[in-house]
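Trainee: Take the sequences, apply the hints, and build the full model.
Chain by chain, the residues:
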Amino acid sequence: MIAVLNRYLRRELDLWSLATVLLGLILLVPLFTVAIGLGDIGPKWDHLKSTVLSGYVFNTLLLVILVTALATLFAVPAAWVISVFEFPGHRVFAWVLILPLAIPTYVSAFVYFQFTEAAIPLLVNIRNVWGIEGFQVAEIVLRYGLLTVLMASVLYPYIYISARASFSQQRQRLIEAAHTLGHGLWSVFFSVALPLARPALVGGGSLVVMEVINDYGAVHFFGVPTLTEGIFRTWFGLGDLSSALRLAGLIMLVVFMILLLERAQRGRARYADPGHRSKPRTLRKLRGLQGAFATGLCLIPLTLGFLFPTGQLVIWAYRSWGKVFRTEFAMHLLNSFILAIVAALVLTSIALLFSYSVKLHPVRWLKSITGIAALGYAAPGAVVAVGVMVVIGSLDRMTASIGNGAFLLSGNLLVIGFAYCVRFLAVSLQPVNGGMSRICGSLDEASRSLGRGKLATLWHINLPLLRGTLVAAFTLVFVDILKELPLTMILRPTNFETMATTAFSLAKEGRIHECAVPSLILLAAGGLGLMAIDRLILTPQR
Amino acid sequence: MSVSLEFREVAKCYSASDQPAVQDINLSLNEGEILALVGASGSGKTTLLRLAVGLETPDTGQIILGERIVAGPAHWVPPERRGIGLVFQDGALFPHLNVEANLTYGIYKLSRDEGKAITERLLEMVGLSGKEKRYPHELSGGERQRLGIVRALAPQPRVILLDEPFGNLDPALRCTMREEVRSLLVEFKTTVILVTHDPGDSLAIAHRIAVLCDGRIDQTGTPEEIYRNPKSEYCAGLFGPANCLVDDSGKQQWVRPDQLFVVNENQTDAIETRVLSFHQTGRHTEVAVRPRDTALAGDQKVWRLYLESTHLVEEGSSIWVTWNPFRKE
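If you read the protein sequences in the order shown, they are chains A and B. Quick note: the first sequence uses the numbering used here, first residue 1, plus one each step. Quick note: the second sequence uses the numbering used here, first residue 1, plus one each step.
Hints listed in this document are in silico derivations from the structure and should not be mistaken for laboratory results. Keep in mind that the hints are not guaranteed to be accurate.
[Unchecked claim] Under the rule of at most 30 Å between Cα atoms (straight-line distance), these lysine-lysine pairs were calculated in the DSSO-like manner:
(1) Lys508(A) / Lys323(A)
(2) Lys116(B) / Lys454(A)
(3) Lys133(B) / Lys109(B)
(4) Lys454(A) / Lys133(B)
(5) Lys116(B) / Lys131(B)
(6) Lys251(B) / Lys454(A)
(7) Lys109(B) / Lys359(A)
Mentor: What follows is the structure, given as structure tokens:
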């Protein structure tokens with residue numbers, strides 16, 4: 001028995017698996033703290049419950065429903081016409097329709113906010129006609145409406161990408177069969193194409209839902225307090241960390257329920273037929289009015305989500321760049337880049353460690369640990385920040401009581417780096433795992449049988465073969481960190497600014513033209529991220 | 001001759017299955033010996049190789065390399081420190097390294113000059129001189145396989161294991177490669193385990209054959225012994241058609257078509273049978289017969305015999321058959 005255990009320990013537990021387990025558990029601590037925090041009732045909780053909590057929940061739900069519905073309306077018709085028809089601009093649209101993903105919601109919010117000001121004359125007229133109640137209703141409709149449009153127009157690509165993949169993978173023969181059974185094009189769309197695409201749509205839709213819940217910047221700007229905004233208000237306004245922690249726990253519960261529902265809805269029905277390779281679909285040509293209609297279907301979301309905000313930012317940036325480019329700004333830019341580069345390097349290394357460790361020991365428990373450690377990506381940034389803050393706070397109190405009373409960790413850049421690791425591990429782990437699984441296991445075995453150890457095999461075989469994947473994973477994490485707002489707002493040291501916080505504070509101060517320059521930098525980085533995704537998905541592997 | 005590699009009571013069960021992959025394995029290889037492991041797919045051949053090289057741990061038993069226990073209840077030597085070479089079916093050549101770098105991967109501890117000398121010699125032996133700078137995808141199937149073999153031989157391992165090395169090659173190339181590989185292995189005087197499901201490979205290359213069935217060793221012996229005197233239907237069936245005949249004492253015997261003769265009726269110890277049906281299958285004629293002596297027929301009322309095609313048979317006629325298991329061609 002002891003011998004068996006001994007041998008098991010020797011084979012399964014080496015430095016690689018030990019480091020993986022240890023790091024995985026450390027990364028899980030903040031989320032675990034948030035989960036425990038659900039049972040913790042802070043001093044202001046009752047006050048919160050009787051006053052604003054129902055509003056937070058209502059706003060979150062309303063926004064989730066409105067944005068998801070509108071994003072679906074933007075995404076599905078565009079994806080369908082691109083998969084089935086050929087019309088003016090067809091090829092270009094297929095790719096550029098994902099561009100809004102490069103724009104953070106809060107950046108789009110800076111641009112759309114001007115409409116609330118432009119609408120003031122209209123609101124004054126409404127007040128004159130319908131009185132103060134009419135004015136209030138119109139103002140709320142305007143704010144919620146604009147927020148919905150701007151969020152849906154930057155988030156719809158999540159649904160568009162999955163819908164398009166699903167539509168274009170559907171077998172031509174199924175569609176043809178439906179046609180021969182007497183169904184017209186619209187009827188085929190509703191009776192065959194849409195039901196077959198449902199899992200993909202729900203998958204994309206749940207990403208939109210999670211992004212809406214995660215958002216802090218846009219809802220803050222438009223004064224629509226959601227649960228995430230609630231965390232900020234409870235913590236910084238009321239000074240009640242335990243109630244903020246409980247709110248975070250609530251959000252995490254909701255998010256994980258969405259994830260479970262999404263998984264459950266796929267059910268047992270089959271939606272894809274991977275055994276048969278579909279012949280490429282012959283696209284129907286649309287001309288004249290029909291062609292213009294199809295072009296319009298694609299142009300509307302693209303304009304709202306990308307062309308208009310980008311154009312506006314470029315104009316503002318042109319007017320204000322002289323004011324923005326000062327030493328201070330250069331410092332913020334440098335801060336932002338160094339932080340994102342270092343954190344992305346660390347995260348890519350952790351992903352490599354986890355992935356290689358699982359390759360060395362393909363046992364279920366190790367796979368589970370790495371999988372669970374990556375769950376932080378599902379949790380909104382504010383939730384992760386609260387979890388990290390609570391953990392660091394208690395660590396600091398412990399060290400302070402032992403040492404000289406100074407807080408070592410709070411307000412330290414290491415803390416923010418750690419929080420990024422908790423939140424963005426999945427972003428680096430997924431591509432690295434994918435790349436690793438494409439390297440045939442016999443290469444590792446050949447290397448080992450030729451006398452090279454585990455580290456040498458990683459260095460000489462896996463690393464060179466993974467180079468492209470690692471660069472892409474690094475880029476994705478780098479971009480995500482550069483854009484991250486709520487987590488950075490909460491955990492950054494005093495006076496430490498990144499591009500995201502600079503843009504946000506400038507916009508909040510009303511220096512809306514000046515926020516265009518950092519916003520465009522974020523947008524360019526976002527474009528870089530899209531290229532990385534494109535490379536990961538489209539580049540054929542050797 | 002000293003023992004080079006030994007399996008003692010080795011067993012291995014994968015966690016996903018309740019059936020052991022291999023069990024009760026007792027096998028030893030002398031230095032310089034070439035052993036072929038033969039068996040149907042799923043019989044445990046590859047598991048045994050992976051256990052030897054250290055890519056799997058045995059559940060029980062010991063594996064001994066020379067004087068040293070490399071795997072056992074209280075011993076474990078990782079693959080990189082065993083000094084056992086492994087050749088894969090797909091070659092497992094590193095796609096990002098050229099021919100030269102692939103070849104020198106295992107001899108990185110040697111000086112540059114020594115490495116170069118070995119590389120030149122090995123590449124010349126397998127006809128790859130002048131292709132040092134090519135990448136694996138720029139080589140033909142045969143060249144890739146040769147490179148895989150010399151790469152494993154370069155560090156001069158005590159034992160080299162070949163896992164279906166000719167599996168990916170077309171039949172014509174397979175025959176030439178068998179010859180080349182055998183002379184290469186003999187020249188290196190390395191102990192070899194060759195895993196194959198092709199009986200031709202084992203008969204052409206091996207000094208000794210071990211037949212694996214359901215994770216156990218069914219029979220070991222020289223190619224001649226295994227072919228002429230298989231102990232079980234499974235062993236017999238692996239190397240082509242065989243006739244299952246029952247002798248006077250009721251013992252079953254497997255007799256190859258070339259050992260079975262149709263003779264005149266007056267010959268002693270010939271058995272009279274009546275031909276029920278027959279059909280030609282390439283070099284052999286498959287004949288269904290019923291022995292006249294029903295006592296001989298046993299439970300099987302009909303015998304299915306494989307005869308060499310030179311024998312002429314007719315439906316409904318009687319033929320007298322006799323066999324001589326030890327007749328040599």
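Trainee: Are the hints correct? Go through all of them and say.
Mentor: Here is how each hint holds up against the structure:
For the hint linking lysine 508(A) to lysine 323(A), the alpha-carbon distance of about 17 Å falls within 30 Å, and the restraint holds. Distance check on the hinted pair: lysine 116(B) and lysine 454(A) sit about 26 Å apart at the alpha-carbon level, within 30 Å; holds. Distance check on the hinted pair: lysine 133(B) and lysine 109(B) sit about 21 Å apart at the alpha-carbon level, within 30 Å; holds. For the hint pairing lysine 454(A) with lysine 133(B), the CA-to-CA distance comes to about 27 Å; that is within 30 Å, so the pair holds.
Restraint check for lysine 116(B) and lysine 131(B): the C-alpha separation of about 14 Å stays at or below 30 Å, so the hint holds. As the CA atoms of lysine 251(B) and lysine 454(A) are separated by approximately 54 Å, the hinted pair breaks the 30 Å bound. Using a Cα cut-off of 30 Å, the hinted pair lysine 109(B) and lysine 359(A) holds, with the two alpha carbons roughly 26 Å apart.
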